[in-house]
Amino acid sequence: MMISSLRCFRKAQSKLFLNSFARLNVDGYYLIPKLNITLKSSSYCRNTSSCIKCKYFSKNVSSHHHKSSRCISSYKAKDVVDAAPQAIQPYLRLMRIDRPIGTWLLYLPCTWSISLAAAPGSLPDLYLLSLFGAGSLIMRGAGCTINDMWDRDFDTQVARTRDRPLASGQITYPQAWAFLALQMTAGLGILLQLNMYSIAVGAASLLFVTTYPLFKRFTYWPQIALGLTFNWGAVLGWAAVQSSVDVSTVLPLYCSCILWTLAYDTIYAHQDKEDDVKVGVKSTALRFGENSKLWLSGFTAAMIPGLLLTGIASDQMWPYYAGVAAVIGHLSHQIYSVNLDDPNDCLKKFKSNRNLGLIFLAAIISSNLLRPL
1 MMISSLRCFR KAQSKLFLNS FARLNVDGYY LIPKLNITLK SSSYCRNTSS CIKCKYFSKN
61 VSSHHHKSSR CISSYKAKDV VDAAPQAIQP YLRLMRIDRP IGTWLLYLPC TWSISLAAAP
121 GSLPDLYLLS LFGAGSLIMR GAGCTINDMW DRDFDTQVAR TRDRPLASGQ ITYPQAWAFL
181 ALQMTAGLGI LLQLNMYSIA VGAASLLFVT TYPLFKRFTY WPQIALGLTF NWGAVLGWAA
241 VQSSVDVSTV LPLYCSCILW TLAYDTIYAH QDKEDDVKVG VKSTALRFGE NSKLWLSGFT
301 AAMIPGLLLT GIASDQMWPY YAGVAAVIGH LSHQIYSVNL DDPNDCLKKF KSNRNLGLIF
361 LAAIISSNLL RPL
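Taken in order, the sequence shown gives residues 1 to 373; the numbers are from my numbering.
Just so you know, these hints were derived from the structure itself, not from any lab. Where is the CB? At the ideal position from N, CA and C, for every residue including glycine. A hint or two may mislead.
Derived DEER-like restraints, expressed as beta-carbon distance ranges [stated by the list, open to error]:
#1 Gly289 <-> Arg160: 16 to 24 Å
#2 Val277 <-> Tyr197: 42 to 50 Å
#3 Leu206 <-> Thr156: 42 to 50 Å
#4 Trp221 <-> Ile328: 18 to 26 Å
#5 Gly121 <-> Gly280: 50 to 58 Å
#6 Val277 <-> Ser122: 48 to 56 Å
#7 Ile304 <-> Ala362: 17 to 25 Å
#8 Val277 <-> Met196: 43 to 51 Å
Turn these sequences into a full structure, and let the hints guide you.
Written out as structure tokens, the structure reads:
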């Protein structure tokens, strides 16, 4: 029976379950013989004091708070990969299905642009949002495959990446090439659903997709290349709706998105700064060093004019500008509170940018609904 199939019970029910079926051995594992499950006792679920849906248990919730605590319900993407047939799991991990934050960060600029391009008083096109969602999943996976093919030798030397499928030998280069061809074919199939202008705009991004992993080898600014790549959807989304690009709206949005990427990916890069020095790769985290928060604040401040220009050019209403304020406030809080020497906190702040993006999306949709017809 899969652990993820177990229901979360409240405190009394969980204790009854453990007392009835489980025993704690000397290594700190709960053994549940009747279900053939072994669970590690290293932290606790934030939802209950001892959650039997969780991988982990804690004997004393009131006196311990482990920052690694997670209920398994928050790992649905990982559970999907773990439940998949063994033969395809390495491919799902190669395209980072178990780590969906990258897909979100690729998708959100698309949703902003699609929503801004919608007719006044209207919701964004749900078909396009769905199509771009599928495209983001596939092309983020293709980007990760390309990245791992370029970086296999580096990944074997970095603690966080040495278990990736290519670095660990679970997938060979010929297999990765074949899988990449499959992903690119699927991505092309989605792109061909758009208008001809959008097809040309989407094809123009392929240069960025295939080359951005190389920039860390020769510049301390690889995050710029990532920003150019990851935020191309801010251009493509508008083109998909309007069959053209309004430069006065899209260009400042695209520039602001690149600055956003510089901020969140610099925070992310601080996780690996020690390993990056050892293996000889570069990043803005190493370039900025102790001045990182100052640079991050500068990127955040520089986003404001671009977002305001986008709102003015597209005749947005007050919810849009409230959303801009929320974005700046969210980023400011990240910068102020992040501990750049704590990889876990850097990852937490990095992941919080999904919420930032969703808040801004809600603001854009609300604003567009208020626009006069």
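Hints and how they fare:
1. One distance hint, 16 to 24 Å for the beta-carbon pair glycine 289 and arginine 160, holds here, with the actual separation near 20 Å.
2. The given range of 42 to 50 Å is respected by valine 277 and tyrosine 197, whose C-beta atoms sit roughly 45 Å from each other.
3. At roughly 28 Å, the beta-carbon separation of leucine 206 and threonine 156 lies outside the given 42 to 50 Å, and the hint is violated.
4. Tryptophan 221 and isoleucine 328 have their C-beta atoms about 23 Å apart, which keeps the hinted 18 to 26 Å range intact.
5. For glycine 121 paired with glycine 280, a C-beta distance near 54 Å keeps the hint of 50 to 58 Å intact.
6. The hint said 48 to 56 Å for the Cβ distance between valine 277 and serine 122, and at roughly 51 Å that hint holds.
7. For the pair isoleucine 304 and alanine 362, the beta carbons lie near 19 Å from each other, so the given range of 17 to 25 Å is met.
8. Our hint of 43 to 51 Å for valine 277 and methionine 196 holds, since their Cβ atoms are close to 47 Å apart.
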